[in-house]
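Kindly generate the complete structure, drawing on both the sequences and the hints.
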Amino acid sequence: MKYHSLLTACSALLALALVGCSQTTSIPMPEHKGIQAQPVAPLVEHLVFFDWDKDTAPQNVADIITPHVRYLIQHPTRKVLIEGAADETGDYQYNIKLGMRRAREIERHFLSMGVSQNQLIVRSIGIERRLNLEGKAHSLPRNRRVTLAY
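Numbering (my numbering), first residue to last: 6 to 155.
By construction, these hints were calculated from the structure, which means they are not laboratory data.
Since we're looking at a predicted model, the values are computed, not measured.
Do not rely on the hints blindly, as some may be mistaken.
As the list claims (entries may be wrong) - Derived pair list, reagent style DSS-like, types lysine-lysine, alpha-carbon separation capped at 30 Å:
#	residue 1	residue 2
1	K59	K84
2	K84	K102
3	K59	K102
Stated by the list, open to error - Here are the in silico distance ranges between beta carbons for each label pair:
#	residue 1	residue 2	range
4	R134	K84	17 to 23 Å
5	Y99	S121	28 to 34 Å
6	W57	R109	24 to 30 Å
Even glycine gets a Cβ: it sits at the ideal position worked out from N, Cα and C.
Shown next, in the form of structure tokens:
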């Protein structure tokens with residue numbers, strides 16, 4: 006009988022303890038007034054744009070490729086694809102060659118900044134994989150580019 010009374014008393018205490026623990030305190034979150042989200046710029050650019058019919062790298066080329074150079078130097082087994090492209094003005098063969106000259110120009114900058122030749126893959130896609138398919142004069146500059154891909 007004593008065992009039954011002791012068991013009942015322990016069960017009652019356990020039940021009270023559990024009921025007491027079931028209450029939660031709500032803490033209100035502070036309001037953030039006047040904070041507006043700013044658009045986030047990409048951390049690393051993967052496109053280098055060129056002027057019409059030019060294979061000379063733009064003035065900001067070092068700003069664009071420096072993060073890639075750092076990454077490749079820190080990871081000597083990684084490779085980057087340097088892919089030159091052109092817009093659809095001019096004939097097919099000319100655009101393939103122009104895309105290759107653009108890719109070689111960017112390759113030259115990578116090499117001058119200390120990246121190993123073994124980490125660079127260079128090719129031209131000419132007018133393939135255009136970023137703008139409209140074919141209008143104002144959309145052509147986006148296709149005059151080199152793409153950096155891993």
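Right, here's what the structure says about each hint:
1. As the CA atoms of K59 and K84 are separated by approximately 26 Å, the hinted pair is consistent with the 30 Å bound.
2. Distance hint between K84 and K102 is fulfilled; the C-alpha atoms sit about 23 Å from each other, no more than 30 Å.
3. Using a Cα cut-off of 30 Å, the hinted pair K59 and K102 holds, with the two alpha carbons roughly 12 Å apart.
4. At about 19 Å, the CB distance of R134 to K84 agrees with the hint of 17 to 23 Å.
5. In this structure the supplied range 28 to 34 Å holds for Y99 paired with S121, their Cβ-Cβ distance being about 31 Å.
6. In this structure the supplied range 24 to 30 Å is violated for W57 paired with R109, their Cβ-Cβ distance being about 18 Å.
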